[in-house]
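Participant: Chain by chain, the residues:
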Amino acid sequence: MSRLGKIARRTFLIGSAAVVGGVAFGVWSYRKPLENPLTTDEGGVITPYVLINAEGVTIITPRAEMGQGIHSTLAALVAEELDLPWDQVRVMHGPPATAYYNSALLKEAVPFAPTDQSWLAETARDAMAIPAKFLGVQMTGGSTSIPDGFDKMRAAGAVARAALVAAASREWGIAASELTTENGFVLAPDGQRLSYLALAARAAEAPLPDAPPLKPRSAWKLLGTSLPRVDMAGKATGTATYAGDIRLPGTVFATVKRNPAQGAAMIRYDAKSAETMAGVIKIVPLDDGVAVVARTTWEAFQAADAIVFEWGAAPYAKTSQEMREQIAASFTADALEGTWRDQGDVGQPAEQTLEAEYTVPHLAHATMEPQQATALYTAGRLRIWAGSQAPGFARDKAAAVVGLPPDQVDFETTLLGGGFGRRGEYDISVQAAAIAKAMEGTPVVVTWSREEDMSHGMYRPMATGRVQAGLSKERITRFDFATAAPSIMESFGARMGLPAAGADQTLVQGAWEMPYDIPNYRVAAYRAPKSVPLGFWRSVGASYNAFFHDSAIDELAHLAGADPLEFRLAHLDHDPSRQVLRAVAEMSNWSQPRQGRALGVAYAFSFGVPAAEVIEVEDTPDGIRITNAWAAVDVGIALDPRNIEAQVSGAMVFGLSAAIRGEITFADGAVEQQNFWDYEPMRMGQTPAIEVRILESGNQITGIGEPGTPPAAPALANALFALKGQRARSLPLSKHFTFA
Amino acid sequence: MSVTVTVNGAITSVDLPGEIPLLWALRDGLNLTGTKYGCGVAACGACTVLVNGEAVRSCQTALSDVEGQSVTTIEGLGTPATLHVLQQVWIDHQVAQCGYCQSGQIMQAAGLLAANPRPSPAEIDEAMSGNLCRCGTYPRIRAAVQDAARKLSEA
Ligand code: FES
Ligand code: FES
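Chains as they are written, first to last, in the working numbering: chain Z, 1 to 740; chain F, 1001 to 1155.
Rather than coming from a laboratory, the hints here were simulated on the basis of the structure. Computed from a prediction, not measured in an experiment: that's the story for all the values here. A virtual CB, placed ideally from N, CA and C, is assigned to each residue, including glycine. Treat the hints with care, as some may be off.
[Said to hold, decoys possible] Partner residues aside, some chain Z positions facing chain F, computed with beta carbon under 8 angstroms:
{"no.": "1", "residue": "Val230"}
{"no.": "2", "residue": "Tyr242"}
{"no.": "3", "residue": "Ser472"}
{"no.": "4", "residue": "Lys473"}
{"no.": "5", "residue": "Pro641"}
{"no.": "6", "residue": "Arg642"}
{"no.": "7", "residue": "Ala646"}
{"no.": "8", "residue": "Ile690"}
{"no.": "9", "residue": "Ile694"}
{"no.": "10", "residue": "Glu696"}
[Stated by the list, open to error] Residues of chain Z placed beyond 10 angstroms of chain F at every Cβ, according to the derived structure:
{"no.": "11", "residue": "Leu187"}
{"no.": "12", "residue": "Thr447"}
{"no.": "13", "residue": "Ala494"}
{"no.": "14", "residue": "Gly497"}
{"no.": "15", "residue": "Gly502"}
{"no.": "16", "residue": "Lys530"}
{"no.": "17", "residue": "Thr620"}
{"no.": "18", "residue": "Thr687"}
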């Protein structure tokens, strides 16, 4: 049994099975409540999100905590409605379960721009909650945890509160409407009080409301304030547990070595010398490589390096050069994936014209924690500890590889040492399961070497963007944008065994939904041939389309002889977007000339968030230095400002790291980069002071893990143009400029 | 083949070959999992510990090299109940995101402040630049180290 199962046995669970839902569609089975994954021998099972036992109140936060602070903010949503003091809040990730499906995940897949809040667009978005429920996808990604959890988690807290109040009402014989709650207690008008703990058993039997009223924003005490994160003390003291930190009696340590040409087979291997090396316990062959189990991880690494392999050849283009040529050859009618925006006539003549091609390379996620998992297989049961953004998928795939039904697998989601999309995959869970089965009865910690991690990713695709645009009288009169890349959805969908979906919207994400007012405007995407494994990389398609789109806007501004920031403002038909630009103008003192330094601005719109960034660069004898950076975002409603600030600032550093030096290249089908010396993220000395401003238009609440990344690369490229007069149309920028 | 080391104040004998890097002796031999593996080649700082008060990369330090020496890991610096000043400022500034790099960051900062109690901003950047953070928490690390230096010098 998982830790949760054990706790649940002596636990009272509070709330209503009908907590989720709320979308008014007449589909009976959609409204039918999902099974509560939390079970208790004491009966009285209620919401999947709140449980109370002798240790206190625990809030289930079934989204991956990968650094974005989601456990804290989801818990705050529940605690707010439950009137639970923040220092009493305990959180737990919870098991993989259909009840924890993400209803916001598919909302971006509708053919309406996120700025479109018309009845039709909203209806289409709501309708996406239905397939999301049936697919039961419990996935953390797409900056969706907050849009998905905002109502759901507050309702879970409100239902639990109602149950506790009802229990106190019966206990005292006082009408529920007379009672109030505060700091984990139910209070009677005469001053009597009962703690939630004392009421838990009776609350489990209380009748429950379907749709309890939620507090108005003016009554919020926790939400809207900067709360100390629940995971902070653990992370400052080395006591936070990641997937490779599980230590059970008799634990052994493993690593894997797989074909560097991903997806190709292993033809043969010779482990004779590895087998006799110090500490080696077992060599376990896998489909496309070998696992070594040893006394320590280092001994496993050493032995894995001593194995001689013969590998099958890559089933895709061998070099980055060939992949780039395939992409360049994909701007054809046959490869057209779709035209997401088509207004007016982009063939119109213009006074001034721009024709530009932009390119970006493959990128690795390079999470600080390499892929790790722990597994134990005993007597037809499998336990896995992994940091997963998609624990349901990972559990099912792991179950299949050891031949067990999924309900014989206890999957515990640990903290993630960075996700950025990489941990939506299940490769490490499946390997850990297979190795654990070969080591029946012995717990195995599987750790990839950094080299294995760098070279066996699911990469951000290489992409090419082409822009043909025209200007007349300082206005953009036409803008024809085309992007070509291999499809992430095709690659991911095949791995997950999902049915082929329609057109891959990630190809144009970050370009087609730009709220620019341009009369003749077209955004099209072309699908390049499948090559290396691709995955979701923080901000997905917007990570490259924002660079293409915003660079072109910047080039047009300079062509028009206009101020680049004013030029964007003059073309934007979306007030929140104009506000974020005005904010960075003010913060950076945009119009103030500075000696030896220059500013660049960029604007992007992704995951429903308008984001503007300004970067200041300086030419020094050691090279270009980034001296200051400013960002402004509009999140609709800000639940935890200090955490949002951290996300935007971190996302910007992530984007700048990629912009300056990020590049994964292939030779003979294998990744050439191996470690942080040849795929080097930004270091502290290169990182500027970063100032973030959070705006709240009050519109739809949004997630903020990703939107800070897309503007970073174009803001830096635009700043470099302003400083040096040289336009870089390809990333990484270190190929064009020397950085300090 | 056992090697004797003082780990977090306790004389400890580790039953592993001397050439094993200290990182793995700590994590896999002694179950001290607060120290992290990030690169194995001294390029990320996730494995930083103190040896006789000095910050070192434990992935590049053989166990035999610390025989008879004093090793301090994040677990020995302080605990959730008895926080070290650096851990307290890390919480005050809400530094960590995923947290995976932070043990190494804190131990590097401890080594820096032991050698230089009043580092300038440039000295902080210089000393901390060997420690990568993929979540980009650098601005808060900077602020936290400055704050810790102030608190330690006032104490
Ligand atoms: S693991 Fe030692 S420096 Fe990276
Ligand atoms: S906090 Fe995630 S790597 Fe530093």
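Participant: Are the hints correct? Go through all of them and say.
Facilitator: Checked hints:
1. Val230: violated, 11 angstroms
2. Tyr242: Nearest chain F Cβ about 7 angstroms off; hint holds.
3. Ser472: With Cβ-Cβ at 41 angstroms, over 8 angstroms, it is violated.
4. Lys473: Since chain F brings no Cβ nearer than about 42 angstroms to Lys473/Z, farther than 8 angstroms, the hint is violated.
5. Pro641: violated, 11 angstroms
6. Arg642: The hint holds - Arg642/Z has a Cβ within 8 angstroms of chain F, the shortest such distance being about 6 angstroms.
7. Ala646: Holds - the Cβ of Ala646/Z comes within 8 angstroms of chain F, reaching about 6 angstroms at its closest.
8. Ile690: holds, 5 angstroms
9. Ile694: violated, 15 angstroms
10. Glu696: This hint is violated: Glu696/Z lies away from chain F, its Cβ roughly 21 angstroms from the closest one there, beyond 8 angstroms.
11. Leu187: Non-interface label on Leu187/Z holds, nearest chain F Cβ at 32 angstroms vs cutoff 10 angstroms.
12. Thr447: Non-interface label fails for Thr447/Z: nearest chain F Cβ at 7 angstroms, not farther than 10 angstroms.
13. Ala494: holds, 27 angstroms
14. Gly497: Gly497/Z is indeed farther than 10 angstroms from all Cβ atoms of chain F, at 29 angstroms.
15. Gly502: Given a closest Cβ separation of 33 angstroms, the condition holds.
16. Lys530: holds, 28 angstroms
17. Thr620: Correct as stated: the minimum Cβ-Cβ distance to chain F is 13 angstroms, above 10 angstroms.
18. Thr687: Non-interface label on Thr687/Z violated, nearest chain F Cβ at 4 angstroms vs cutoff 10 angstroms.
Comparing the model with each numbered hint stated earlier shows that hints 1, 3, 4, 5, 9, 10, 12, 18 do not hold.
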